[in-house]
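The chain contents come next:
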Amino acid sequence: MQEEQLIEGLRARDKKTVEYLYEKYSRALLGVIFRIISDQDIAEEVFHDAFIKITRKIDSYEESKGRLYTWMANICRNSAIDKLRSKEISQSSKTNGIDDFVYGLESQSGTEEHVEGIGVKELMNELNEDQKFVIEYIYFKGYTHSEISEEFEIPLGTVKSRVRAALLVLKKNIDRI
Amino acid sequence: MNIQAYIESGKLELFLLGELSDREREEVLALAKQHPEIQKELDEIEEAMLAFDQASAPIPSAGLKEKIMADLEKDFAPVKELKPTVAPEETGKVVKISPWKPFAVAASIVAVIASGLAIYFASKFYETEEQFLALVQEQEVLADNLNQVKLQYEETDSRLDRLVAGDFKRVEMKGEAFDMQKDAKVDVFWDQGQQEVFIAVNKLNSLGGEYDYQLWAIGPDGPVGIGLVNPGERFTLQQMQAVAEAGAFAITIEPKGGSQSPTLEKLVVLGEVA
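Protein chains in written order, with our numbering: chain A, 208 to 384; chain B, -10 to 263.
These are calculated hints, taken from the structure and not from any lab test. Glycine residues also receive a C-beta, built at the ideal position from the N, C-alpha and C atoms. Incorrect hints may have been included.
In silico negatives: residues of chain B with every beta carbon more than 10 Å from chain A [to be verified]:
(1) 16
(2) 106
(3) 109
(4) 129
(5) 132
(6) 151
(7) 155
(8) 156
(9) 161
(10) 191
(11) 212
(12) 228
List of simulated lysine-lysine pairs, DSSO-like, C-alpha gap at most 27 Å [to be verified]:
(13) 174/B x 255/B
(14) 0/B x 339/A
(15) 0/B x 378/A
(16) 339/A x 378/A
(17) 367/A x 29/B
(18) 378/A x 29/B
(19) 63/B x 223/A
(20) 0/B x 348/A
(21) 379/A x 22/B
(22) 264/A x 90/B
(23) 367/A x 22/B
(24) 56/B x 223/A
(25) 63/B x 264/A
(26) 260/A x 54/B
(27) 29/B x 231/A
(28) 264/A x 54/B
(29) 56/B x 260/A
(30) 29/B x 379/A
(31) 22/B x 378/A
(32) 328/A x 231/A
(33) 222/A x 63/B
(34) 0/B x 367/A
(35) 231/A x 63/B
(36) 0/B x 272/A
(37) 90/B x 272/A
(38) 264/A x 22/B
(39) 328/A x 339/A
(40) 222/A x 54/B
The shape of chain B in the complex, shown without the other chains (with noise of 0.2 Å):
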């Protein structure tokens, strides 16, 4: 385009006055822009009218600027420093006469509304899911536990089976003999025939992590252990290694894990087959 044929339109000189319509405003600021030449030329004529206009006052009266002071006091914000951004509120104690801002003022009013309601649903909805997921997982912790004596029940009611169905001894096994434990007592099942053998804890006490109770079975050939004994599984059944032929039963208590043949001065209960 032809820059000086632009220029010399008159456009720049309306723009200044404030005649142009939005559209050829924008023409002229997009082209300032791109141009220096124009740009040089607006703040030119800016800069005559400028001159021009101070050259037309009047000088104004005593008390002008005091008045306009006195009136804009109000307006002015409480603290000396300048601020970056100006918080919109500040605006709110001045008259407006445009019409817009009870508008805009409802609509915020209603946006601050529907935030609220917002922020109220969605903390209700985090609330009810959180719920949820705890009733989840307690569901789950429930099932597992189900499952759990689901499975001790069959093994027990398999157990008992075995028991009822078997011809199993029971034989007796007493701490009175001994010094450990006076009152201790557990029973032993065994079928002879099978060579199956379960223990069912009456009494025994607790021991300390680094020990267990070892059970033996006493036959020709010497004590033999037969399986570890769990103290804490009262009147259960706890199943133990097969043995053929024994004359008695005894519990001593072993370093953990049990021991190759027992410490015959630890030994708890004793009880022989009748």
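Just chain A, same shape as in the assembly (with noise of 0.2 Å):
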């Protein structure tokens, strides 16, 4: 199914295409959420209701705007980052960074699947120290670059400069995980 089609579907709310939607993207949208929040009964909730969220502000989806799963990332990744910051959620059910979470991938019970897990782990393992330290902060402890920046004395070009870099290093890696 065609962007446009799909993105069609979704406004006029028809079943099928949410369906098709769910299956292509619930993995990866569920894995941004995850990276942020390793308990994962809390992640699949926060999940639940940003999938919802998708399907019911999807008239607020503007096509020119940057493509849908760039925006439905952004829309998982804030509901992940809110639920970490508000009260409810016990320090236990946040991921302290990249060890913690794939520590968490491998202590579920062994199937097929989690040899992906050990591939984010070699993907981690590709990255120097600076780059390390702010996917880890990004992506597992949902912090903006500018936060980095304040919190670690860094300047906003050279977090700039090292996510950039980090992100090379998995665009060149992707297809091995």
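Need the complex rebuilt from these two chains, each delivered in its own frame; the hints are there to steer you.
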């Protein structure tokens, strides 16, 4: 299904289209949330609400402002960050970084799919310390680049170029995961 | 501008992470439109992010999809086929948390009421305008009628003046002696000095479209046609052509427009000058 068709179907509240959206993107969107919230039950709860929000807010999505996936991923990311910062979440539910996250994936009862988690771990090993640091804070702790810059007194331009460099490494190695 | 430097600035990554200000977002979108390299880079980073996101996911719990779909069930459109446009009212059932919704609803209601009133007053206005135009037309018709009546009055008045001032003889013409119309009666008023002739129809049947009544003055040189008589104008004075000498007047029925000499078989009335 073309992205155009997909958006049109979502706007028409078409059930089949919503199912297609779920099949295609639920995994990745849940991944966005799960990186930030390690408790799977809470992550799924956040995903549940975020997915419903996506289907209901589809009329406010503008194609001219970027691709659909980016828009959805940002809704999920923001929902996860909101949850993370709310009082109702216990310390133990947060991921404290890449290691916790990878541990979380590895500790799930072993199936074929968990190999992917190890892929993430290997991918992280490709990053140098600086790159790993920004990815950890942005992707696993839900920081914005300006928050990193302020909290760790790193110039904004440096944060930007490290994010860029880290994502280039991810892009280069993406076939391996 | 240096496109490569722009790509390497890290802005595209922040764009995809949703961390740019609106102004910066606009800038990235505009540049991506102009420069395919920028669009391509954006697409590639997005693909990488999607793949990374996918790799980061745990196995979803059983029943997660079913629960989400069940909770969305009441949102779905009843018809299966896609419609190109969505009625925005359909979302009304959804419990919204955005605070602007009530204002939007209130504004819509006000707009609907205002439109309703506008339509109401517009229709009132058109109705009134129509009535006004009808009255203007009626007034014009009345003014026309009045003019006609005035003209008729002036005409009649001037005839009456001439009749009173002149030396008119009244010659009664009757149909008693003929078979055509026994009860026909027409009066001729003749001022021999001024040579003026008027007639006044008292009783004369109306004719079909192919015939006319013609008045004849019968003098020493025989009958002379002096005009057609309108049988409909009863008791009004109809002016005829001038006659100096006549011993009698008569009316015959002639083909439309009158004849040179009278058709005697169709003599209707005859009156001799006393």
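Tested hints:
1. 16: 12 Å, holds
2. 106: 30 Å, holds
3. 109: Non-interface label on residue 109/B holds, nearest chain A Cβ at 33 Å vs cutoff 10 Å.
4. 129: Non-interface label stands for residue 129/B: nearest chain A Cβ at 59 Å, farther than 10 Å.
5. 132: Since the minimum Cβ distance to chain A is about 64 Å, residue 132/B lies beyond 10 Å and the statement holds.
6. 151: 92 Å, holds
7. 155: 97 Å, holds
8. 156: 103 Å, holds
9. 161: Holds: least Cβ distance 98 Å, greater than 10 Å.
10. 191: 89 Å, holds
11. 212: 98 Å, holds
12. 228: 88 Å, holds
13. 174/B x 255/B: Distance of about 15 Å is within 27 Å: holds.
14. 0/B x 339/A: Holds, because 19 Å separates the two Cα atoms, which is no more than 27 Å.
15. 0/B x 378/A: 16 Å, holds
16. 339/A x 378/A: 14 Å, holds
17. 367/A x 29/B: 19 Å, holds
18. 378/A x 29/B: Satisfied, since the Cα-Cα distance of roughly 13 Å is no more than 27 Å.
19. 63/B x 223/A: Measuring from Cα to Cα gives roughly 14 Å; hence the hint holds.
20. 0/B x 348/A: 20 Å, holds
21. 379/A x 22/B: 25 Å, holds
22. 264/A x 90/B: 13 Å, holds
23. 367/A x 22/B: Within the cut-off at roughly 22 Å; holds.
24. 56/B x 223/A: OK: residue 56/B and residue 223/A at ~16 Å, within 27 Å.
25. 63/B x 264/A: 15 Å, holds
26. 260/A x 54/B: 15 Å, holds
27. 29/B x 231/A: Judged against 27 Å, a Cα distance of about 22 Å means the pair holds.
28. 264/A x 54/B: 19 Å, holds
29. 56/B x 260/A: Answer holds: residue 56/B to residue 260/A is near 14 Å, not above 27 Å.
30. 29/B x 379/A: 15 Å, holds
31. 22/B x 378/A: 22 Å, holds
32. 328/A x 231/A: 24 Å, holds
33. 222/A x 63/B: Cα-Cα ~10 Å, so holds.
34. 0/B x 367/A: Holds - the C-alpha atoms of residue 367/A and residue 0/B are around 7 Å apart, at most 27 Å.
35. 231/A x 63/B: Holds, at roughly 22 Å.
36. 0/B x 272/A: Measuring from Cα to Cα gives roughly 15 Å; hence the hint holds.
37. 90/B x 272/A: With Cα atoms ~23 Å apart, residue 90/B and residue 272/A stay inside 27 Å; holds.
38. 264/A x 22/B: 25 Å, holds
39. 328/A x 339/A: Holds, at about 11 Å.
40. 222/A x 54/B: 13 Å, holds
When held up to the earlier numbered hints, the structure conflicts with none and fits them all.
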